[in-house]
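Undergrad: The residues making up each chain are set out below.
2 protein chains.
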Amino acid sequence: MATPQENLLDWLRDAHAMEQQAESMLKAQSKRLEHYPKLKARIDQHIQETFGQQKLIDECLSRLGGSSSSIKDMTGKLMAFGQAVGGSLMSDEVIKGAMAGYVFENVEIASYTALVAAAKAAGDSETEAACEKILPQEIAMAEWLLEHLPELTEAFLVRSDDPNLEAKK
Amino acid sequence: MATPQENLLDWLRDAHAMEQQAESMLKAQSKRLEHYPKLKARIDQHIQETFGQQKLIDECLSRLGGSSSSIKDMTGKLMAFGQAVGGSLMSDEVIKGAMAGYVFENVEIASYTALVAAAKAAGDSETEAACEKILPQEIAMAEWLLEHLPELTEAFLVRSDDPNLEAKK
Chain A
3 MATPQENLLD WLRDAHAMEQ QAESMLKAQS KRLEHYPKLK ARIDQHIQET FGQQKLIDEC
63 LSRLGGSSSS IKDMTGKLMA FGQAVGGSLM SDEVIKGAMA GYVFENVEIA SYTALVAAAK
123 AAGDSETEAA CEKILPQEIA MAEWLLEHLP ELTEAFLVRS DDPNLEAKK
Chain B
3 MATPQENLLD WLRDAHAMEQ QAESMLKAQS KRLEHYPKLK ARIDQHIQET FGQQKLIDEC
63 LSRLGGSSSS IKDMTGKLMA FGQAVGGSLM SDEVIKGAMA GYVFENVEIA SYTALVAAAK
123 AAGDSETEAA CEKILPQEIA MAEWLLEHLP ELTEAFLVRS DDPNLEAKK
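Which chain is which? The protein sequence lines are A and B, in order.
Residue 3 is where the first sequence starts when you use this note's numbering, and the numbers rise one by one after that.
Residue 3 is where the second sequence starts when you use this note's numbering, and the numbers rise one by one after that.
Among the hints, erroneous ones may be present.
Any copy, or any two copies together, can satisfy a pair, since identical chains are not distinguished.
The calculated DSS-like cross-link candidates involving lysine-lysine, where the alpha carbons are at most 27 Å apart (straight line), are [claimed, not checked]:
1) Lys171 / Lys122
2) Lys170 / Lys122
3) Lys171 / Lys57
4) Lys171 / Lys135
5) Lys33 / Lys122
Bear in mind the hints are in silico, worked out from the structure with no lab data behind them.
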């Protein structure tokens, strides 16, 4: 049993951990990419957005008096997944990387959608406003990745088929 | 280095493993849910759709002469993630379960989007048609879950706040 405020605080802690993980995943991906400059540039833009999102979530946590130190089980598993994805060296890693980025954006979209509803239920209009500010940035990044996935796939397949080119990064 | 056909076959094997995992995740979720009948009904509908999707992918694999036995690393990690999510017993598991379901649908959306492009590049119009048949079902399920996440969150928070009610399943 928990009050809406307690659940909200729990989920904000999850969001904090999630944005830390987003930062390390995005940085790792950007650093590795060489032959796909459009993807790299969009990831770099989202790293900047992520810093702003971290600030917004931290402000909500401070305001509600919650520390951001306790990382819950679910987020821990998401993080392990993210690390597995970010650190992998598969032959088609640019494709799997873009897919994993898209999937991670959707983790964030689901989280902030639930957080907006939870903040509303808890009567916390400041947290509601913060999450509503973040949500469109995550949606835009997810949409960009999915829209560009076909052309990225084609580019990868052409490079992969050419013995003189490196395809994976 | 690999031809478009080899990459396509690899990704179809991933899709096969993914749909097996989808089936076990969805069944586990449906079995646990008690107090959220609308969510349970939508999941049950998608289990039926998943059977049809498995058949389509298996037909593509047979046609291309590929076995479905080798599960690749990335999919193995996704499966571990799915099992962690599906088997978890968190206090807010209906919410995390719906979020995880939404995230998994987006894994599938990204996979079939890349597969459509790969089938096109490989000149395999039958695989292209099969993946284009599956994709809208995954999109519809993802959209349903995200649209219903706010009301599910509200229902959970009300139940969670009431000492006489069970909220999590």
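Undergrad: For every hint, state whether the structure bears it out.
TA: The hints, checked one at a time:
1. Taking the shortest alpha-carbon separations for lysine 171 and lysine 122, only the inter-copy value of 22 Å comes in at or below 27 Å, while the best intra-copy value is 43 Å.
2. Taking the closest pair of Cα atoms, lysine 170 and lysine 122 come within 27 Å of each other only across two copies (20 Å); inside a single copy the shortest separation is 44 Å, beyond that limit.
3. In this assembly of identical chains, the alpha carbons of lysine 171 and lysine 57 never lie at most 27 Å apart, being 31 Å within a copy and 33 Å across copies at closest.
4. Taking the shortest Cα distances, lysine 171 and lysine 135 never come within 27 Å of each other, neither inside one copy (32 Å) nor across copies (31 Å).
5. For a Cα distance limit of 27 Å, the shortest separation of lysine 33 from lysine 122 qualifies neither inside one copy, at 39 Å, nor across copies, at 30 Å.
Checked against the numbered hints above, the structure violates hints 3, 4, 5; every other hint is satisfied.
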